[in-house]
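*Asks:* So the protein sequences, as listed, match chains A, B and C. Using the numbering used here, the first residue of the first sequence is number 1, and each one after it goes up by one. Using the numbering used here, the first residue of the second sequence is number 1001, and each one after it goes up by one. Using the numbering used here, the first residue of the third sequence is number 2001, and each one after it goes up by one.
It should be emphasised that the hints constitute simulated quantities derived from the structure, not laboratory data. Heads up, some of the hints might be wrong.
[As the list claims (entries may be wrong)] Below 25 Å or equal to it, Euclidean Cα-Cα: the simulated DSS-like pairs (lysine-lysine) are: (1) C/K2300 / C/K2290; (2) A/K265 / C/K2290; (3) A/K265 / B/K1265; (4) A/K325 / B/K1080; (5) B/K1104 / A/K300.
[Unchecked claim] To spell it out: a stretch of chain B is covered by chain A in this simulated footprint if at least three of its residues, at any positions, have a beta carbon under 8 Å from a beta carbon of chain A; those stretches are: (6) 1024-1035; (7) 1038-1052; (8) 1070-1078; (9) 1082-1092.
[Unchecked claim] Cβ-to-Cβ under 10 Å is the rule here; a few derived chain C residues that face chain B: (10) P2031; (11) V2050; (12) M2053; (13) P2055.
These numbers come from a predicted model, not from an experiment. Ideal placement from N, C-alpha and C gives every residue a C-beta, glycine not left out.
Chain by chain, the residues:
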Amino acid sequence: MSYVRNAWYVAAWSHDIGAQKPFAITILGEPVVIYRSESDRLIALEDRCVHRMAPLSLGRCEGERLRCMYHGLLFDPDGKVAEIPGQDIIPNQARVKSYAVIEKHSWIWVWMGDAASADESLIPPAVGFDHPDFILGSGHLDYAAEARLINDNLLDFSHLTYVHANSFGATDTWARNRPVVTPLARGVRFERWITGEAGMRGRDDGVLHDRWTSYDFLIPGVLLMTGGYFEPGTAEACNHQAPDLDDALGGITFTSQAVTPMQAKTARYFFSWGPHRRHGDEALRDALMKLADMAFGEDKVMIEAQQRVIDATPDPRIMPTSADKGVTLFNRLVEKLVRAEQDALRNAA
Amino acid sequence: MSYVRNAWYVAAWSHDIGAQKPFAITILGEPVVIYRSESDRLIALEDRCVHRMAPLSLGRCEGERLRCMYHGLLFDPDGKVAEIPGQDIIPNQARVKSYAVIEKHSWIWVWMGDAASADESLIPPAVGFDHPDFILGSGHLDYAAEARLINDNLLDFSHLTYVHANSFGATDTWARNRPVVTPLARGVRFERWITGEAGMRGRDDGVLHDRWTSYDFLIPGVLLMTGGYFEPGTAEACNHQAPDLDDALGGITFTSQAVTPMQAKTARYFFSWGPHRRHGDEALRDALMKLADMAFGEDKVMIEAQQRVIDATPDPRIMPTSADKGVTLFNRLVEKLVRAEQDALRNAA
Amino acid sequence: MSYVRNAWYVAAWSHDIGAQKPFAITILGEPVVIYRSESDRLIALEDRCVHRMAPLSLGRCEGERLRCMYHGLLFDPDGKVAEIPGQDIIPNQARVKSYAVIEKHSWIWVWMGDAASADESLIPPAVGFDHPDFILGSGHLDYAAEARLINDNLLDFSHLTYVHANSFGATDTWARNRPVVTPLARGVRFERWITGEAGMRGRDDGVLHDRWTSYDFLIPGVLLMTGGYFEPGTAEACNHQAPDLDDALGGITFTSQAVTPMQAKTARYFFSWGPHRRHGDEALRDALMKLADMAFGEDKVMIEAQQRVIDATPDPRIMPTSADKGVTLFNRLVEKLVRAEQDALRNAA
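Next comes chain A alone, as it looks inside the complex:
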């Protein structure tokens, strides 16, 4: 797996981690246990007891600490062993790795690089349930596929026309026209006008308008997208640049999505979606989530099948198309950042 380590990975939805209930997830192949302590502090540790490698996620929260429930070793929030039952001396090496962890935008983010270098400002500006403007639903899907294949999918919306023919009902325009793709410091931006078309399935009242869509796909694999529909002619009036969203006739929604590599060929995909309060209500949110569940299931069928074909191919090769500009930009950015991390490690050694 070639993924950036100095980045915040989504480990869970906030509401998936209960009070003093250890939660397990593998990120970049590393087992991580996350818990909320008695004082409601969020703590993330290596999920592997230093004694005999039992998972601490089968353990018990005790105050601020976590006890391994195999032979009772007790761990401090910094990963140091605080107690070995029946033994007075605790060796110095008796510690597990501790991860920087932050709860923000309704997600639990874990920094997979050195905890000392964790930089909160690098958390992508997702929209959580606490956002005043959006009414959101949420979900997640586990993939039997490499996270990179899901990233590639999200970096090229030409697939909407085909993969989502039955759910979103996207027109050919999504495949034939290219968005404006702009490199960002930590990702890629996609913007596009689709002009003079009716809405997608479920929102198609036959009225033609100009539709604006814009999303950022950010390291390590976070998609943040908004958009809406406007009076016909708006795209041209804006010179095909970004409109003022306040001018939208309707359809403004926000979706936050995150792809977290677990093992080499498994990943968890988190997503939320919902309308702006001025453009919809809980009922619309529920309708959108129903559509999302269907559409993201279509992606999963295609991507897991793609993974199986790749696995059965002795010498896998791809042939990029002109729709792959964003895919290529993002994967090059990942490679550049990974190389820089490896150089830094070598220089430090």
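For this one, chain A is given, so just place chains B and C on it according to the hints.
*Replies:* Showing chains B and C alone in chain A's frame:
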């Protein structure tokens, strides 16, 4: 896997491939998609899009063509990409492999060698539903075992006495007497008389007769068998050679069977069976198929168990017996043909 | 797998092997078939036909012999082929391995070393259903984990406090106090007094007493444990040595347990438990077995999770604690015996 490539492999029953419904099967480790075009032409392509390796079998038939439903690449029947949505220029290397494919005797046959060298005359003379003389039922079974183990099973009918003690109820004679085994250009022929015995289960009326059985086992793994029962003394009257089947008292049936290697340790086994019109009707066909389902399930239990033992054996060895003459002849033929193919490839390079 | 070969492994409970019903189990990666012949002799053979590696456990008992039900080879109790149907000459190499096998203490024991060196005196003195003093129940569990991890678990009862908090309800004393650990020629002995405490769950009447526990853990992985509770002060009166069990107030039970390595990462765990006749009846046995089923399920959850963490760890390491004295002694003994076996093999060669 050491299998002949210049051969016709059964990919499906004719009736398993619907109009414009792509059908997927892996043969010799290669993913193949087969479809009937709008004009009812049969087309077989590599089931792996040249773009990002999505399976074309999740695609959509459009006229004579097949569209990948990931990002919309459209493929001609010869495997060449006809369209990349939103892209004007199509690179020369934008093509997938195209296979020679023929529908005959109710089977879909795919030539796994170079399509240019496909030789229709090498299709084994199976008996299909269109044959005027036989009333056939059909089925298939998927094996978690190497195809070669199923071939070996079909090349030595001494197993009938033991594996099929509960279904066919074959006598000890099947294990103790040896058939006449004759090498053919593309296979092995087995012929035998079993004299003075009653019929097998379901056809045993207590009357003793002489039973004739003859089958060819042909490259790549196709069994074609007929036989029937005759007046006692017929074997001797024929000097233990082949009888005139028109003289049979009854019991003339035909079975076509085919073993197709999928992955290294998976295979699909196709089979039909049924009586000659003069010796039975639809009811007898159904009774025979019920018996076949039971018997071929017995083979599957034994062969998959055999595969598990082989897999758990560090240095697997076999000890052939005198019943293995046909097995040995056929496997040597396969080795000879494989070697010749490899030599030809080397000489061409 | 590094396990002693010159040892008796438990293959089954006596009552699990019916008359003339071949029984299959893999021990140390070797497939073994065990059957009771017509004369009720117990026979253990390599479960892999010399012909084409079909499992003999799918075979049929015929008198003292076992017939392979693939092509009918018939095996003598010493593993030699007695008959190849339709073949007069039987080659010398036509034999499978024969194992020394003994039924004792309600278990079927198989010697995994050279059968000629099998030494019945090395069978651990387990307590079977035929024992006059104990009323026993029994069971077994299959583990998706290496046998050594189960041995390690049974060699360190500090886990009782944590793993079995919900079942046995063991106090902290089990984790904080250390037993007396004594090396034996073929194992390790654990003895301890826990003084002035009430009984564990299900036997806690609030009365405090001194509890004595003693068990041997013997090559290859057999645990034999007894104990009971005594008047407070008995431990001190005995100078913390072993008491006379006849002085027990109650609670004397016996449990025999055996861990059998199957494949590299699978194992079968056999166990019995029950009260001394003077201290309980069938109803108590059933209550204890219910508790055992719950507790051994807790071990399985922890140990299989531990195995998964180990498998996902590139460079697995452990950090022993002072509770690991018995684990270390036993594993060193195994290593010593394995080394001696390998030296003997080298010298013989």
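*Asks:* Establish whether the coverage given for the segment 1038-1052 of chain B by chain A is satisfied; the threshold is a Cβ-Cβ distance below 8 Å, and no fewer than three residues must meet it.
*Replies:* holds (count 5)
*Asks:* State whether the coverage of the segment 1070-1078 of chain B by chain A holds or is violated, taking the criterion as 3 or more residues with Cβ-Cβ distances under 8 Å.
*Replies:* Holds: 4 residues of the segment 1070-1078 of chain B have a Cβ under 8 Å from chain A.
*Asks:* Do at least three Cβ atoms from the segment 1024-1035 of chain B come closer than 8 Å to Cβ atoms of chain A?
*Replies:* holds (count 3)
*Asks:* Would you settle whether the hint for C/P2055 is holds or violated, based on the nearest Cβ-Cβ distance to chain B being less than 10 Å?
*Replies:* holds, 5 Å
*Asks:* Holds or violated: A/K325 with B/K1080, Cα cutoff 25 Å?
*Replies:* holds, 23 Å
*Asks:* Just to be careful: measuring from the Cβ of C/M2053 to every Cβ in chain B, is the smallest value less than 10 Å?
*Replies:* holds, 5 Å
*Asks:* Report holds or violated for the interface hint on C/P2031, using the least CB-CB distance to chain B and a cut-off of 10 Å.
*Replies:* This hint holds: C/P2031 lies near chain B, its Cβ roughly 6 Å from the closest one there, short of 10 Å.
*Asks:* Taking 25 Å as the top limit, are the C-alpha atoms of B/K1104 and A/K300 close enough?
*Replies:* violated, 37 Å
*Asks:* Does the segment 1082-1092 of chain B contain three or more residues whose Cβ lies closer than 8 Å to a Cβ of chain A?
*Replies:* Holds, because 5 residues of the segment 1082-1092 of chain B bring their Cβ atoms closer than 8 Å to Cβ atoms of chain A.
*Asks:* Does the alpha-carbon distance linking A/K265 and C/K2290 stay inside the 25 Å limit?
*Replies:* violated, 40 Å
*Asks:* Would the hint on C/V2050 be counted as holding, given a Cβ-Cβ threshold of 10 Å to chain B?
*Replies:* With Cβ-Cβ at 5 Å, under 10 Å, it holds.
*Asks:* Taking only the CA atoms, is the gap from C/K2300 to C/K2290 under or equal to 25 Å?
*Replies:* holds, 16 Å
In this structure, the earlier hints numbered 2 and 5 are contradicted, and the remaining ones agree with it.
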